[in-house]
Every structure is written in C-alpha cells, then in structure tokens.
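Position one of the sequence shown corresponds to residue 1 (full-length UniProt numbering), numbered consecutively onward.
One or more of the hints may lead you astray.
[Claimed, not checked] Cross-link-like lysine to aspartate or glutamate pairs, in silico, EDC-like; alpha carbons within 16 Å at most:
| hint | residue 1 | residue 2 |
| --- | --- | --- |
| 1 | Lys36 | Glu46 |
| 2 | Lys104 | Asp117 |
| 3 | Lys36 | Asp4 |
| 4 | Lys104 | Asp136 |
| 5 | Lys104 | Glu140 |
[Said to hold, decoys possible] What follows is a set of in silico ranges between Cβ atoms, one per label pair, in the way DEER data are often shown:
| hint | residue 1 | residue 2 | range |
| --- | --- | --- | --- |
| 6 | Asn90 | Asp42 | 53 to 63 Å |
| 7 | His99 | Asp78 | 29 to 39 Å |
| 8 | Asn107 | Asp53 | 52 to 62 Å |
| 9 | Asp78 | Met1 | 46 to 56 Å |
| 10 | Asp78 | Gln98 | 43 to 53 Å |
| 11 | Trp96 | Gln122 | 50 to 60 Å |
| 12 | Leu161 | Asp42 | 45 to 55 Å |
| 13 | Val40 | Cys97 | 30 to 40 Å |
| 14 | Arg114 | Arg73 | 32 to 42 Å |
| 15 | His86 | Arg3 | 45 to 55 Å |
| 16 | Glu76 | Tyr129 | 32 to 42 Å |
| 17 | Leu52 | Gly22 | 17 to 27 Å |
| 18 | Glu76 | His132 | 46 to 56 Å |
Just so you know, the hints here were simulated from the structure itself, not pulled from any lab data.
Bear in mind that the values here come from a model prediction, so they are computed numbers and not experimental data.
Think of the CB as a built atom: it goes at the ideal place given N, C-alpha and C, for glycine as much as any other residue.
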Amino acid sequence: MARDILIARQVRPLVGWTQSEGLRRLAFALRPLIDKGLDVHDIAAELHSWYLDWRPARPAAYITSHLRQRAERDAEYDARLPHVVHPQDNPAWRAWCQHQQAVKAMNDLITHARRTDEDRRQARLAARYNPHLLLDHVAEHGEDDALDLFGADLTARIVSLSHGTHIQLGTT
C-alpha cells in the first residue's frame, strides 16, 4: 500500500483533474494500473488519454468506474472472438521459425572458433542453398574467414555473382 501511495503522490501533480483526491483513495483507484506494471509516467499518460475536459467531483471513483467499464468491454470482446489461433498453427509461420532457427544454428557454427571439416562441409552445403549466408559472412568476418569456412571455389563463385563480375579470390 505504501508503494501505491508513493506512486499516487507522483501521479497526482501530473494529472490536473486528480489533484482534489486524497492519496489513499487515488492509490486504491490506480492499483489496477500499478498491478499491470505501469510506472508513474505511464499511468499519467493513461489518465491523460481519457481526454477529460472537466473535473470529476470524485476522481478516484471515476477512475475505478472507467477501469471497470473498460475491463467489462474487453471481456465482452474476448468472449465474442470465435477462435483464438495460436501462431504455431500457421504452417507458413512454423516454416519461417524453423528457417530462422536453421539460420541461427548456421551463424553459431560460422562464428565458432575451432572449425572442423564437418563444420566446413555443413557450411558449404548451407551456402549452396542460401548464398546470402556466405555474403553476410564475408561482410561481417571478411573474405579470408569465408575462404576458410566455405572454400575458395564456392566463395569466389558466389561473391563474383553478387558483384556481377568474375574475380579470383584467395590468390596472392
């Protein structure tokens, strides 16, 4: 309760129409907003968003009533929703998530300090199907590291195609 009163004490000067209300009643009325995790400025912004151009005689009662009505409207709206779809029910979303996981795994593999021949084989295979992995790696880690991971042939082919020219990489 002390924390709520402290928050109410900070909100009251920020919102003109609440200044006539006592701190305890205001703190009690603001409790739903405080319980949502809103801070002082968020609560003040919420109260300002109600666009009151008049001063309620009992601001705490008005806040309580307004929040209760909004909760009832939200509950009615939620009850009217025919079916809430979970994002993983969408096959396209699931495929995108799996692709992102594969890209993350590949990036983790690429940035691994000690590479094995299996790491290089998997990186080359992935770059054949997604050349942007190699191009992104070149941009982030440089051509020398790309040559080590992806090999000279694949790196030269993909980088030259991206530049529209045929260049030879790794030869000095």
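To see whether the hints hold, each was checked on the structure:
no.: 1; hint: Lys36 - Glu46; verdict: holds, 12 Å
no.: 2; hint: Lys104 - Asp117; verdict: violated, 20 Å
no.: 3; hint: Lys36 - Asp4; verdict: holds, 12 Å
no.: 4; hint: Lys104 - Asp136; verdict: holds, 13 Å
no.: 5; hint: Lys104 - Glu140; verdict: holds, 15 Å
no.: 6; hint: Asn90 - Asp42: 53 to 63 Å; verdict: violated, 32 Å
no.: 7; hint: His99 - Asp78: 29 to 39 Å; verdict: holds, 32 Å
no.: 8; hint: Asn107 - Asp53: 52 to 62 Å; verdict: holds, 54 Å
no.: 9; hint: Asp78 - Met1: 46 to 56 Å; verdict: violated, 30 Å
no.: 10; hint: Asp78 - Gln98: 43 to 53 Å; verdict: violated, 31 Å
no.: 11; hint: Trp96 - Gln122: 50 to 60 Å; verdict: violated, 21 Å
no.: 12; hint: Leu161 - Asp42: 45 to 55 Å; verdict: holds, 51 Å
no.: 13; hint: Val40 - Cys97: 30 to 40 Å; verdict: holds, 38 Å
no.: 14; hint: Arg114 - Arg73: 32 to 42 Å; verdict: violated, 59 Å
no.: 15; hint: His86 - Arg3: 45 to 55 Å; verdict: violated, 36 Å
no.: 16; hint: Glu76 - Tyr129: 32 to 42 Å; verdict: violated, 49 Å
no.: 17; hint: Leu52 - Gly22: 17 to 27 Å; verdict: holds, 19 Å
no.: 18; hint: Glu76 - His132: 46 to 56 Å; verdict: holds, 47 Å
Checked against the numbered hints given earlier, the structure breaks hints 2, 6, 9, 10, 11, 14, 15 and 16 and satisfies all the rest.
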